[in-house]
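> Protein chains in written order, with UniProt numbering: chain A, 1 to 370; chain B, 1 to 370; chain C, 1 to 370; chain D, 1 to 370.
Copies of the same chain are indistinguishable here, so a pair counts whether it falls within one copy or spans any two.
Using 25 Å as the maximum straight-line C-alpha spacing, the simulated DSS-like pairs for lysine-lysine come out as follows:
(1) Lys59 - Lys309
(2) Lys2 - Lys59
(3) Lys103 - Lys120
(4) Lys175 - Lys212
(5) Lys143 - Lys309
(6) Lys347 - Lys120
(7) Lys347 - Lys143
Because the hints were derived from the structure by calculation, they are not lab data.
Nothing here was measured: the structure is a model prediction, and the numbers come from that model.
There are 4 protein chains.
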Amino acid sequence: MKPLGIGLIGTGYMGKCHALAWNAVAPVFGDVARPRLVHLADANADLATRQATALGFEKSTGDWRDLIADPAVDVVSITTPNAFHPEMAIAALNAGKHVWCEKPMAPHFADAEAMAAAAKASGRVAVLGYNYIQNPLVRHIGKLLDEGSIGTVHSVRVEMDEDFMADPEALFYWKSEASSGYGALDDFGVHPLSIITTLLGPVERVMADLAKPFATRPTADRKSREVETFDIANILLRLSGDIAGAVQLSRSAWGRKGRIAIQIFGSHGTIAYDQERMNELQLFTREGRASEQGFRTILAAPNHPPYDKFIPAPGHGLGFNELKIIEAREVLRAIGGEPAHIIDFAKGLEIERAVHAMAHSHRDGRWVSL
Amino acid sequence: MKPLGIGLIGTGYMGKCHALAWNAVAPVFGDVARPRLVHLADANADLATRQATALGFEKSTGDWRDLIADPAVDVVSITTPNAFHPEMAIAALNAGKHVWCEKPMAPHFADAEAMAAAAKASGRVAVLGYNYIQNPLVRHIGKLLDEGSIGTVHSVRVEMDEDFMADPEALFYWKSEASSGYGALDDFGVHPLSIITTLLGPVERVMADLAKPFATRPTADRKSREVETFDIANILLRLSGDIAGAVQLSRSAWGRKGRIAIQIFGSHGTIAYDQERMNELQLFTREGRASEQGFRTILAAPNHPPYDKFIPAPGHGLGFNELKIIEAREVLRAIGGEPAHIIDFAKGLEIERAVHAMAHSHRDGRWVSL
Amino acid sequence: MKPLGIGLIGTGYMGKCHALAWNAVAPVFGDVARPRLVHLADANADLATRQATALGFEKSTGDWRDLIADPAVDVVSITTPNAFHPEMAIAALNAGKHVWCEKPMAPHFADAEAMAAAAKASGRVAVLGYNYIQNPLVRHIGKLLDEGSIGTVHSVRVEMDEDFMADPEALFYWKSEASSGYGALDDFGVHPLSIITTLLGPVERVMADLAKPFATRPTADRKSREVETFDIANILLRLSGDIAGAVQLSRSAWGRKGRIAIQIFGSHGTIAYDQERMNELQLFTREGRASEQGFRTILAAPNHPPYDKFIPAPGHGLGFNELKIIEAREVLRAIGGEPAHIIDFAKGLEIERAVHAMAHSHRDGRWVSL
Amino acid sequence: MKPLGIGLIGTGYMGKCHALAWNAVAPVFGDVARPRLVHLADANADLATRQATALGFEKSTGDWRDLIADPAVDVVSITTPNAFHPEMAIAALNAGKHVWCEKPMAPHFADAEAMAAAAKASGRVAVLGYNYIQNPLVRHIGKLLDEGSIGTVHSVRVEMDEDFMADPEALFYWKSEASSGYGALDDFGVHPLSIITTLLGPVERVMADLAKPFATRPTADRKSREVETFDIANILLRLSGDIAGAVQLSRSAWGRKGRIAIQIFGSHGTIAYDQERMNELQLFTREGRASEQGFRTILAAPNHPPYDKFIPAPGHGLGFNELKIIEAREVLRAIGGEPAHIIDFAKGLEIERAVHAMAHSHRDGRWVSL
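Construct the complete structure from the given sequences, taking the supplied hints into account.
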């Protein structure tokens, strides 16, 4: 099979993460042709040139349209700020490229709808970068649920917390502007939703409370400016099957760096997981003698595929970046027409729909059904 | 000072806990006269007799009114099921006794109001058994907050979980009957509320979602019966100062045995605590070099009074029952006219008010202000 | 049955702990006559008087011989510094009293031998205060081992660490004098030995390395004095059945407050425990599917007797002082002629023998057999 | 700069790990020329061919001598079983290649000496694959020690445990043959030694106790065979500066999968680390008010270089394989003549010397000085 040609738009955090994943996917999995890193785009053409060298791309450009026009490019990785996703993704799809776009889809729901429509019309693979669902242990949660290990699930809780907005003395920047979105809700909310909807099914109704920990933030000229976004979101929800859910999101939670703490409660047991300890899973089942029951800490191991593709020994641990390598493999599976563990634009649209419904429920002070 | 005479109504879990506390408070604290354990009442007179011997009471009765009529009784501990609290507490107060009553006050708000009114009218001390606020580490959280260790608090989360209703195959019993109350909401909700309102101030508005993990439960005759109470409650709330809160309660959470997990987020740090590890406190502050910041695990120690009254060495650990000994000391302080760290009937009424508001918010699907 | 009369020598940390235990044992267990707190002795007669009032003793004295001569005293609790144990314990036994003496027995092995001989000759109960073996979870480890839950044990590790000698700038005091003993070895070593010999059988040979973290310590006159004891001890040992052991002891381990961390490895599983989290037990067994194996955290619960005597609900937690209440119950069992879970003077002598053998192995740089 | 040509001998666990590291080092670090994956050798020529394709090597061979003779190869990665290391490494060095060889050096000390001599004579870079020292948090421990964060170190403990030999019913295989070495001592011991000697300085004297958890193991023909190696090793040691050390090693520790637990005690604080939670560091310092002191859990972050080369966000986590990428960068640094954080053959020889001294101390039952 001719190797796929990769185009990458964006060279920041996620840009590098995509590049590393495309670079590693073939030797890690050993069963796919190594993709060619063809074209790298960044609005800053000089940066694009330097990063193409560093990351191993053949060509670079300051204009992402060049990349999409490049016939050697088969798949476009889009890792720019969210506001650019719709135009780029739609253009790429319309040009017949497969698309792997970072989440969320777009600040405005109508744009997300347009992206999903373009994906459908194109017949191309359009995948969103929800990497947390690729963690072998998160996948294993899915397997345990499917097997009925904890019986019928009746409730779920998720917390997602970081602290990059926790300091009230940090200068006002664009994440506090309304134009950036709602705040923690769309910045973070899509991640927990990607996990729980993958594991448990779609969201049916929501009720959110958005909060501003700090009414104003200082500006460079020693004045202050009113904060327009909500760094905190607390959400009640019901999932398919009337599963009761509670989601808490904060980007002002001092000390939390990458916390995504999930608790899933079933009729026969409980599963708990925290992304800050991404190589551990907590499982309680009511099996055996009561005096020895307890949450067991399961360490990631080769029997949680595809951990085995990375390391043949248990308990040695995967890293965040390696989730993206797994995701790249799934993108390739989808392109190859195989069943793939992905969130495509159609499923992603449902996540966005839930996020906007949450914002409306906050505004109106009542439950909103999807 | 003449020792106080103690009357105890009820000989179950909390009855014994009160008896042990009254028995230990003098030697532990060393600064109060040892109370006389005068009278023990239980509806089962034989049991009352046996338990009086076991627990060290001078007299016993099958009729609690005897106990309240006993002039040797100065303080009445009430540890019966909640439905009996109003009649007993009001009778005791009207008889001029001090009252130490287990929580919550009463299933019906009007009864709780009557209890608070009786307490006010009597001029006697009327304390509710909210023992978790007595944990030296929970008190230390209060001190840290007062000192501004984590700056201005902007959000809080509490989870309270046990698993005694987690098994769908367990037989239907009175806790699933509507007459017992709302379910987890009043069964558990008062505990987190006792802690967060003591630490952070009163509740201002609430929005709850109550859920039934199991629609029916089996009965002894191999049929099944519809469950009338809600074993799960998820709550959004705002506290005084517009602190955003999220509370989750479940008595169907497999594997959780006594979890009361609190996270308090401030402008300068975060505090976390879990009653299942009641001798540990987690504190994150943004002090020092970033590369060494982290949550620190603080072990209970003599510098968290009144831990020192129990053990002069740090890290050796207190137990749940010892919280009740501390509480007994506070009851004695209140009776002695000293400032006491207690939740009296007036404060307790506000907790009940919040619980009922939560139930209303669930029923109506909208926020309810207090 | 006529209640036993208690005499208590010493009013410090352990003195109070014994007093609280004697005070609580009857109501907690509900099946024994309440002991009479008869006589309290402290070298400081005024302190003895005050503490007798605070702790609830009928009489006090500045001369412990008065207490031993008191016919109302049936059992003598000895909680003075170790050097006084032999004379007091032997006098009490010779006077026909039962003895409950804090550990270790004595600084000199010959004295410990004399104590054991006196106990044997007297026919009285002579128990050492090894309270850690009374923890319901430590007892449960014993049950698990007896049941073969982890198969045949082949190795064990114990660490015991505190930090009260960790500060090199703290003034020299008697614990650094050779007259106080070897240092961490006898100060701490007896605790781990009490646990592992109770659980696994006697020590057969030992090899120790004692170390001084600080060669000198400052004195009050701003000079310094050479340290004569070893605050650190690392020990290799073999237990009965050729179980390989490693013990590490430190009283200079910053941050450790009451750590006694045990790991027991068997042919079918592993058990781990840490006294700093005394209400948790870690158990790994190779049962079930490998992908769900893991250490399970078992919370102390009523099904770990005698936890049930304190609290009927699981996961609520016992405290350090409550171990002493359990121990008091065992002392009463022994006095009543029932099988008791205790370390008597005969067993205690074997622990002391092991400690001295460790010191000799360090001195000689070779293994010493017992 | 002309890219370096890489030859890799071995295609197992570590072979793949080296291949992935060579593949990723350039895009991760962005400051080195991408190495050419030139030649792959495996005794099984067919496997070599398949793996060359999978891992991205240009050529393959069934004879490692071809690879060493290949002028396009500049650096040889050696990942075969230990017994092959000497011949291959010496041949590669004699052929003027740089060598990156997995640890330990060789089963026999004389061979390790020959390897070190060949490295010295060659003037080439010869690095051992001690990847654990590359963990950004382990490096950060080094920085903290250098800065005096915990004062003067006086003691250290290390445990290294896995459970691949824990099952007594597993069939006898070569790891139980004396020809494979001492057992856990050389199989595992080199890892803890690599870490503590890098952080704290050389080993000065040792005293070991080696143990066999199972005297025999079953064979395929339903008989049993005597075990010749020691799956457990407990070691006392003293490091430079008379630091007291205790090391425990077990490959029969059920439930442990990749545990390397280190505790370093100093005059001002304590550092603890466990490879099973490789993205966390525990630090206790005696700073600040005693009532808030505690071990703090530091999450790996960009301020622990070179974590920042992988992920710009804190707390997201690196994986085991990524340590090898860091190591590859250090190998390149060494080749480029820059200061590199490596264990070269000279330093590695000292580790082997300590291991053999431990075996001798066990045999003779006495301390052995190095």
